[in-house]
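Enquirer: Read off the chains here:
There are 4 protein chains.
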Amino acid sequence: MIITMKKDATTSDIEHVMKQLKERGLQIHESIGENFNVFGVVGDTSQIDPKRIEANPHVESVVRVSSPYKKASRMFHPEDTIVEVNGIRIGGNEKLVVIGGPCSVEGKEMIVHLAQEVKDAGGCMLRGGAYKPRTSPYAFQGMGTEGILALAQARKQSGLPIVTELMSADKLDEFVEHVDIIQIGARNMQNFDLLKAVGKTQKPILLKRGLANTIEEWIMSAEYILSEGNPNVILCERGIRTFEPYTRNTLDLSVIPIIKKKTHLPIIIDPSHATGDWELVEAASLAAIAAGADGLIIEVHDHPECAWSDGAQSLKPENFKQLIQKGKAIANVIGRDM
Amino acid sequence: MIITMKKDATTSDIEHVMKQLKERGLQIHESIGENFNVFGVVGDTSQIDPKRIEANPHVESVVRVSSPYKKASRMFHPEDTIVEVNGIRIGGNEKLVVIGGPCSVEGKEMIVHLAQEVKDAGGCMLRGGAYKPRTSPYAFQGMGTEGILALAQARKQSGLPIVTELMSADKLDEFVEHVDIIQIGARNMQNFDLLKAVGKTQKPILLKRGLANTIEEWIMSAEYILSEGNPNVILCERGIRTFEPYTRNTLDLSVIPIIKKKTHLPIIIDPSHATGDWELVEAASLAAIAAGADGLIIEVHDHPECAWSDGAQSLKPENFKQLIQKGKAIANVIGRDM
Amino acid sequence: MIITMKKDATTSDIEHVMKQLKERGLQIHESIGENFNVFGVVGDTSQIDPKRIEANPHVESVVRVSSPYKKASRMFHPEDTIVEVNGIRIGGNEKLVVIGGPCSVEGKEMIVHLAQEVKDAGGCMLRGGAYKPRTSPYAFQGMGTEGILALAQARKQSGLPIVTELMSADKLDEFVEHVDIIQIGARNMQNFDLLKAVGKTQKPILLKRGLANTIEEWIMSAEYILSEGNPNVILCERGIRTFEPYTRNTLDLSVIPIIKKKTHLPIIIDPSHATGDWELVEAASLAAIAAGADGLIIEVHDHPECAWSDGAQSLKPENFKQLIQKGKAIANVIGRDM
Amino acid sequence: MIITMKKDATTSDIEHVMKQLKERGLQIHESIGENFNVFGVVGDTSQIDPKRIEANPHVESVVRVSSPYKKASRMFHPEDTIVEVNGIRIGGNEKLVVIGGPCSVEGKEMIVHLAQEVKDAGGCMLRGGAYKPRTSPYAFQGMGTEGILALAQARKQSGLPIVTELMSADKLDEFVEHVDIIQIGARNMQNFDLLKAVGKTQKPILLKRGLANTIEEWIMSAEYILSEGNPNVILCERGIRTFEPYTRNTLDLSVIPIIKKKTHLPIIIDPSHATGDWELVEAASLAAIAAGADGLIIEVHDHPECAWSDGAQSLKPENFKQLIQKGKAIANVIGRDM
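Here the protein sequences line up with chains S, L, W and Z, keeping their order. For the first sequence, position 241 matches number 240 in numbering that gives the first Met the number 0, and the numbering has no gaps at all. For the second sequence, position 107 matches number 106 in numbering that gives the first Met the number 0, and the numbering has no gaps at all. For the third sequence, position 248 matches number 247 in numbering that gives the first Met the number 0, and the numbering has no gaps at all. For the fourth sequence, position 271 matches number 270 in numbering that gives the first Met the number 0, and the numbering has no gaps at all.
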């Protein structure tokens, strides 16, 4: 950590700042410039809040050199984390995972049928929303418990593990009992009480990036889960909010090599929410595979025009199947299987 | 609602779309263009999800003409909502409300003392965080219940009503019992379960704008609370996330006249979180008053350099007092009192 | 074009608006709603400025149905444009083009040497800046004419066509004489006088997307060049500015299928400027190929750590070669050659 | 400047980097940490390009401590710059300047008439576009020289100095002869050749902030003009591009105290382009005055609904007059005159 003091800071001002740091066992190295006084702070600074030091009016700036996360950091955990879900392994050099299914579960029959289509097309897990975060209070809010039970039934008949979103900690027991991967949605990426709650389980957690969150904030949210004792975190990029109105969000594929460099966690891509347009999903998916993603989560629906939510971004099963076939070939080029 | 069908849509494609709308009691008006077919949909379209119609591959675009909110809309509720908190009235042409206090409650003595300073400087309510949303799991997470009780004690001694953030519905009873205004923070603006929970009380709710949420999404989150039966919503702008690194966020003051035009709800401004820099707080506050805000919520701390969180953006009591004095004069110019 | 008049607009207010449109030969279709009056405007509306109609206080909103561009639009020009540069064909189903070279030309010997390395690695064109747009007036501004002549020499010896950026119309003659593809940089995407000037030549133009410009604005800038009579426009995505600080910009690969749907122009990707980090360039390049790009423009330097500009994002020739080999295999998967 | 070397950098790697800096007369101070080696670089680093150092694969990060600008910096020029235009003084504690006029000059009679109305309402300068940057090549491009001469005529009759936008250096002589303040528009903020050209004159330059440019980049563009020898730069904030669709741009008023802290240059605000909506202009203008702006530039038109461009954001003269009256009262509160 590098602290720059203002030029007019007195020796006593400087000592006041440095004393606090020394008391926490940190070493201070000094470097005096023409216009500023610069200090290097050496030791474990992950518990130090730079903003708190910057609050001192004699401090010009504080810059972190080490990352603020430990458990998620590849520096302290060089080997890849592989998350296991009912025998399917996600991350490292494992086979890419392809998760398909509707935005919302619309009934037991519908989801059982679609699970089979996802499986036939080559998908290996089933997604489907039972509790739905919707901008409008008047929009369909999901089938709730009935939807969870329908997903469980679809798993029983298809054999596909199920992924679905948890919006509130008071439903956690239901999810732990019935669900294979618990999704934390983009809007809840910094719902810290929810992160702590799922961190106390051992369930695999699919942590979506918030629509305006930096990569560092996203990793810090993973750190919340890891620091509670749950090592099974899968990151999921689903597009960020920008000024461009054509797509629903802007898919940021550079995060794939960055996440792999900075952390040991698996990362998958959601091209459906990122683009908001089924015509763009195949291109975005193939790009994600080429960039090194560990998997995809894609919206699939038999009749997108009748979907209860997000139909515009859902693939029909035949297009989903075609995407998987092209995807396999691209995965092979970069030495992966799918 | 205006629906544009693609040029190659057949009569049967068009009828398929329009039938669904007619079944919901809506009227359809047609206008045939050279390259597209355009339809006007007339009636109460607030329950219709435009994305669901756009999912149809024969549909080019769907554009809303009416707003998607009803209870928050000034069109259906022309008079200003005035929220009353222990005798203090917020909104309309009432006196501007000035809320001051630390980012975090750091102890009973500290908050009791600061409450008196806020009051002496001219503040009329006390803020202070007891449950703190922090990016890092290793940062101070707030004093919890102890902090709530310390705030209640500070209210008892100073007479100032208290405002504090609720992060999880399982603490709602505690807040209903002890707190005067329940704050929903920016990170939870779309935590819909939390919105529904506070919507079932009659407590005044301070709803902060999410850091990457549009004005329409923000009003829709207010609509969640209103539609559950709680009319006491105060909106709070606290800056949005942009590419500019100098300030913590970019304060969007244009929202003040927009919110007043589109809704009947009071709106206050948080210049401390918006700028992240105490040296910018006075200018931002005076600007907010000049633009017509119904109040301010400002971080105040005796020793910002020792604050447990957000010290860099906290004013000392003497600067807070000076701000209020200038603010009063500006409020008078635009015909308000403060 | 759909015009919505406010509810309180009188018949005379409406007639005032419609009269102007009828005078321009457009037809008006009416659809009366409960809260608004909606009108469909039919005919060639590309010359109509929606903002001018919205200026009328009785108008609620104006929405375009047709796109505001004609010559760039695939609707009016369904077949792909193929731009030919010294026998190399760019666009359609042609072989992907790979352009390599340094950010800045640093001397004749250097660029002649690097051209050969680019060629040996499998590149088919040479890039290199002679006039450099730099944020700081104190940074290296490029070698100017000397750099252009060095590039011409490198072309002579390697046989590779050359691409370089034009910043000012007063150098146009020099570029027309010596350069094979004229690049318009991101900062000049809306330098309309420059667009008009290059539109008057028949030279291939590489038009980079502005760092905060929408896809529609970008296509409109291409329309400026096309409407002056130059059909040889190649679009180039190089990342957009967002809140994320880790990468220099955020690469928006969704533009590839969008540009191909909306226009007939070739599109190539610049992963070097988009990411600002050579370690991310290979992943971004392979992703771009998988998403359907018509080519890549990549920074290559023998000694990135000594480069006069942008060294951090430059590949060494051996990494460039490896990227091309993987890229070819991915291009083959989607039915292209590279 | 603080340079952090990677943990695995050898002594020879480090010496390679430091040698280059020492050769430029800079001093190096070392501070060795657990995971990184940190070096403080002391001396005049404004000529050093941090990206060039970061290109070295052994370098982890480079952070500037001093600002990269000199002539614009308040550190090296503590007193306010006051720009004088035909006897009107802008900046420091001078009277706030109010510039009014149409987006486009539409004819001699029109602009002469409007100049008088601007003057009668209390405006002290006249704005009006003769060369217009338009997104579409089919939109009105301005009257050109005829417009400049009409402005000059309006000045002659009203006595108001004139401000108008220069888009291309080849018109500079015309502007130097006829125009009082030369505006560099947002789209040309980084048209460095144009900046250098106007920097060679002594004309007052109104430099608008680019729609996606940081405060630092904006000051660097001012530095281009200053470093060519022209000290007469006035900065103008006109909103930045964000995700919010309601307003045309997001007005960033925090820049006012920031610019005043970092530089000695005057800063004025353009609420018309920032909001894109005349109904928001008064609130934004009063806010700007309260935040300490040195002036306003506002679009005024007799018949906004008939304006050839940007009518939606133009005030009628009577609203402009009312705004000035309220603005004077707010200026007085903060100790300024208007």
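Worth flagging that the hints you see were computed from the coordinates, not collected in a lab. It is possible that part of the hints are untrue.
To spell it out: a stretch of chain Z is covered by chain S in this simulated footprint if at least three of its residues, at any positions, have a beta carbon under 8 Å from a beta carbon of chain S; those stretches are [claimed, not checked]:
no.	stretch
1	57-64
2	235-242
Beyond 10 Å from chain W on every Cβ pair, some chain S residues (computed) [to be verified]:
no.	residue
3	T10
4	E22
5	K107
6	Q201
7	E215
8	K260
9	L279
10	G291
11	A328
All figures in this text were calculated on a predicted structure; none of them were measured in a lab. Every residue, glycine too, gets a C-beta built ideally from N, C-alpha and C.
Enquirer: Next, verify each hint and record whether it holds.
Expert: Hint check results:
Three residues within the 8 Å Cβ limit are the bar, and the stretch 57-64 of chain Z against chain S gives 4, so the coverage statement holds. Counting residues of the stretch 235-242 of chain Z whose beta carbon lies closer than 8 Å to any beta carbon of chain S gives 3, which meets the minimum of three for the stated coverage. At the 10 Å boundary, the C-beta of S/T10 stays outside the reach of chain W, the nearest C-beta of that chain being 34 Å off. S/E22, annotated as away from the interface, keeps every beta carbon of chain W farther than 10 Å; the closest lies near 31 Å.
Once the 10 Å rule is applied to beta carbons, S/K107 is consistent with being away from chain W; the minimum gap is 35 Å. At the 10 Å boundary, the C-beta of S/Q201 stays outside the reach of chain W, the nearest C-beta of that chain being 30 Å off. The beta carbon of S/E215 is not kept farther than 10 Å from every beta carbon of chain W, the shortest such distance being approximately 7 Å. With a least beta-carbon separation of about 7 Å from chain W, S/K260 fails to lie farther than 10 Å from that chain, contradicting its non-interface assignment.
Its closest Cβ contact with chain W, about 5 Å, brings S/L279 to no more than 10 Å, contrary to its assignment away from the interface. A beta-carbon of chain W is positioned within 10 Å of the beta-carbon of S/G291; the least distance is around 6 Å. Not every C-beta of chain W lies more than 10 Å from that of S/A328, the closest at about 4 Å, which undercuts listing it as non-interface.
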